[in-house]
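J.: Chain by chain, the residues run as shown.
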Amino acid sequence: MKKGIISVLASVISILVGLLFGLLLLILVNSSQAFPKFGELLTAGVSNLPKLAKVLYQAAPLIMTGLAVAFAFKTGLFNIGASGQYTVGAFCALLCAIVFQLPWWVCLLASFVAGAIWGFFPGLFKALFNVNEVITSIMFNWIGMMAVNLLCMNLKNADGKLVMLPIAWVSSPIKDRTAALSYANPNAIIPKAGLDKLFNSNYMNISIFIAIAIAILLWVVLNRTTFGYELKACGYNKNASIYAGINAKRNIVLSMMISGAMAGLGGGLYYLSGTAEYTIQKVLLPMGFNGISVALLATSNPIGSIFSALFISYIQVGGESLQPVYAKEMIDIIIAVIIYLSAFALLTKTIISKYIRTDKSNVNEESKAAPVPAAVTGNAEDGAGLLPDTAKKTTEESEGVEK
Amino acid sequence: MIVLADVISATIVFAVPLLLVAMGGMFSERSGIINIALEGIMIIGALMGCLMMRWLDAAVVAGQLGAQLAMLIATLFAGVCGIVFSVLLAFASINLKADQTIGGTALNMLAPALAIVLTWVVQGQGQTTILIPTWSRITQETFGITVANPFLQNLLFKNSYLTTFITVLLFIAGVILLYKTKFGLRLMACGEHPQAAASVGINVFKMRWAGVMISGFLGGIGGLAFTLAAGSGFQSSVAGYGFLALAVMIFGNWKPWSILGASLFFALFKVIGAYASSIPFMPQFKGLEGVSTYLYPMLPYIITMILLILTSKKSRAPKAEGIPYDKGMR
Amino acid sequence: MSEYVIEMLNITKEFPGIKANDNITLQLKRGEVHALLGENGAGKSTLMSVLFGLYQAEQGTIKKDGQVVQINNPNDANALHIGMVHQHFKLVEIFSVLDNIILGAEPNKMGFLQKAEARKKVVALSEKYGLQVDPDAKIEDISVGMQQRVEILKMLYRDNDILIFDEPTAVLTPQEIDELMEIMRNFTKEGKSILFITHKLNEIMAVADRCTVLRKGKCIGTVEIKNTTKEELSRMMVGRTVQLEVEKGAQNLGDVVLDVKGVTVPSKLHSNNAVKDVSFQVRAGEIVCLAGIEGNGQTQFVYALTGLDKMSAGSISLCGHDITKAKIRDRSKLGMSHIPEDRHKHGLVLDFSLEENLVLQRYWQPEFQKSGFIRSQEVRKYAEKLIQQYDIRSGQGPITAARAMSGGNQQKAIIAREIDKNPELLVAVQPTRGLDVGAIENVHKQLVAQRDAGKAVLLVSLELEEVMSVPDRILVMYEGEIVGEFDPKHVTVEELGLYMAGAKNMYREVGVGTQVPEKEGNEA
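As given, the protein sequences belong to chains A, B and C, one line each in that order.
Numbering-wise (my numbering), the first sequence opens with residue 1 and increments by one.
Numbering-wise (my numbering), the second sequence opens with residue 1 and increments by one.
Numbering-wise (my numbering), the third sequence opens with residue 1 and increments by one.
Errors might be hidden in some of the hints.
What the hints assert, rightly or not - A short list of chain C residues far from chain B (calculated; beta carbon distances all over 12 Å):
(1) N202
(2) A313
(3) S469
Unchecked claim - Here are the simulated lysine-lysine pairs, DSS-like style, with alpha carbons at most 30 Å apart:
(4) C:K370 with A:K249
(5) B:K180 with C:K138
(6) A:K282 with B:K158
(7) C:K325 with A:K238
(8) A:K249 with C:K268
(9) C:K268 with A:K238
Rather than coming from a laboratory, the hints here were simulated on the basis of the structure.
All values reported here derive from a predicted model rather than from experimental measurement.
In this text, a Cβ means the ideal position worked out from N, Cα and C, and glycines have one as well.
Please build the complete structure, drawing on both the sequences and the hints.
T.: This is how it looks when you write it as structure tokens:
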């Protein structure tokens, strides 16, 4: 339990330092407006119900891409391809909605499957050829984005009109985004269940609840099932899992597929809201990369991803209030700093637990966790394998810092 | 024939950033640090190089400063800023022993955001593109000569930048540094077996810092070279070239000469993608929109994938024992 | 001048929670071979690492020629002409021999390497001391014995005259060991001083002048070898008389459990086969030991046997079932248990808790899962049972992270897991590696208990003492082949050594090109 608290504390410290850095940057750029704008940044998300609705609305896909990255992390893979999977998922959801006129839940399912397929390839290449999944999924980000753009610009209906674009449905000169669902297929819009009225915002729908439910489901799979046990064993130590008769290659592919499915579903949730249209992009969609931040802040815990996604969505909504005095990318800087800090979470955690130790000199988890029975006493010497690894790490670290 | 000259000169100009950045990645990884932050380093280098050109613009236009001298200053500035940015990676991954991939990812997120914010600050609200002055190119006037032959003219002066020549020098220097000096031997030892290096008194920390900083320098210049090659000004992005360079490095087996070959190869496909509409024998897919913007530009990425798969089997051979020491990826 | 070249006085070195060296004093005379004796974990390597500058002691002083010196890093040690051959060689595999020797002390002009100069010196040194090496060969292509020569040349190249050898004989054949002893004697004749870390009594009696004994981080004493006996040294080392004999019940042979026929495994490193046409049987109620020097195909054979790797020819059957192509899980179901050579690579998922590791081979059985969900309570109960039964000690019981456990207890956990599966065949690869004497005895008892219960045991071991005492039958493996089969009661260590080194083969003439050593045996 205490371990959990330390993880949360480490994340909170990273967040605080990141925000402080953001404030400094605001002061540097334009000192007169820095404090009021920083205040707005911190409070905008709860300033009124529609703003809160927007936080929740953006958090839903963010939770999904966060889960995608977190799930892959748990199984020893770095899915930096969430962006591509998200884009492809979004496209397939819109394809089902606009071209095939299917109801919203089928479209969501389509985005799930499409994301899984886009995750399948990097997984397969990793499993069969041991090609680094980071490189592959980056390549698939670009391939996915370009393929989606190409399809959006070329798919035609029976009348020869570009079916994905507004022009097939209403007279509109817009050529750089897809048709809005409100006229193309209202059935494909995710139900609002009265929440839009409650929050007085058109953004609000049930997607946040879908995302939370899936996060919980994923936690159960990882922590309570044999499948999750196998995936984690594989992620922590591939050789040992093979030794235990687990099909590691199959698990790598499955992990990447599930991970991709999560990101794909995120794309579906966002673009089936009825309030967003897919814009023909020249750059990769940031939602997938923000998923990395979500996962890192949550230390790859699915439940934690809910909260970290809410946080990131919250400051992003706050970031909009920075404009036009500051670029809203200020928020990205803050998030990047937070992630940079969480990269040495281990160090932060060590410092925190040291602080706790000196604070209360009685027994704590760390000292209990490092048993020193007679059998171990001498094991310090021959180094490799004999010294408990945790103890070894700390010696290394203290040496490193001294130097 | 003219097309051939165009293709060759464009290939070279696109190979330059790949070569530089992949060499940078090689120095970092051979010292034992996975440098996934190359993309971010490139962005910072490009940003600062372009800003420097902007600042020197007035002086050059007024004739107080030679155009190529200004380019040299901008190039060095890009490299130095790359070093400064790479220090963030070095500090996190060497001193704090942070996860190298995550630290690098954070820097990749930081760089474009920082670039946009800085561009705003320098150019004013909403001005997100830094334009490249025309004097950055080496032309016939630079040497005060006239080349009549259109083939040679296109080959030599269509895409000619100082960075290309600097790259040739840096590449040769890099090869010598790695294979012929005490420093290179020690650097490689740190990437292969840091305990062995430490046991003979080599400071692994120092060598790794050096490796990462060299990658910062080369990455920064590579970023500027990319922006020059792309031609449409700096827009806080290098279009995934940093990652492409990583792939080039892997495909080039962490060896300079192979990396040179790999970068020329990839650049060729990039150029075929970009010039597809003007190359006679490339199919044009009549009736499809966005072929030149989306279909052909996919080529380098797809080719990269295929080559990585094909070479992955070979890299299991003992030859690839040069894979850098790291528990992380790959 | 002081009588001693090196004095380490009252050295204390602590690691978090462990006093690795507790007030140890060691004095090295000029021109002597000084052995440092102790069990695994007694503090020998730590003490030498302090002398070599890899660690700094909290207390105590080091004197060179009577002068107090500070050794903060290997450079300082080198400046004092102290060199060390590490137990695990510190060689860069892709570098050439020459590059490895000069690394850290490169002759250079303005930073540019001057290899020609270095090559001359290396060739001269290797001729002078009879340490033949090819300066241009890559480390990964040369034998372990050759690699050790490179390590020795590294010291000589740096003009070191205080030479530390850390467990240098562990990877050598008996004949190579003899050569090494000869080289050490030559060094002392030249006035070089040698610190020789070992836990092998025969070697100390053969080569050392004096011996300092460590036990659990404390210095037990320093003795003159000519005034002592093996038995006394052994008592000093372990603090009680060692029981070299392993008690076994009367043998009760049953049916053939494991039948291996013509197994051949291709090598990953070279074009030859790592395992060549290996055939043997193991029957219920016996322990068969696969003996040999490290790297003679044992690992590859076990990988093929347990399904971790593919074989290119041959067949294996277990209890009458052909398992040549069976999956790992199916082999396990048919009654094979495997205590792996590398407990961190294969044996444990270090980031899992102890209880999760204890069900690693069984989590899928109905006892521990119901329609895909893990029955945590059953897992907990089972883990507690094993912890009790096999005396696995850990900080927090079942929920301790495997990473936080000591090596000995990690091994106990693996052994408990594998034996409690109640296998028909137990494959135990170096099950006592890195354990202390008490733990080793315990493991041997467990193996014998399996045998006495009518199970088959295949033990793969490098330790001659274990090879001679535990099994009922010994098979010697050399360069991927079985070269001899022995009854441990009717064979001597020297005889085994000749087979292990490839000088003898029971089944065919030893061909031309196989090295036949000039000297035999190891007379102390």
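J.: Which hints, by number, does the structure contradict?
T.: Every hint satisfied by this model.
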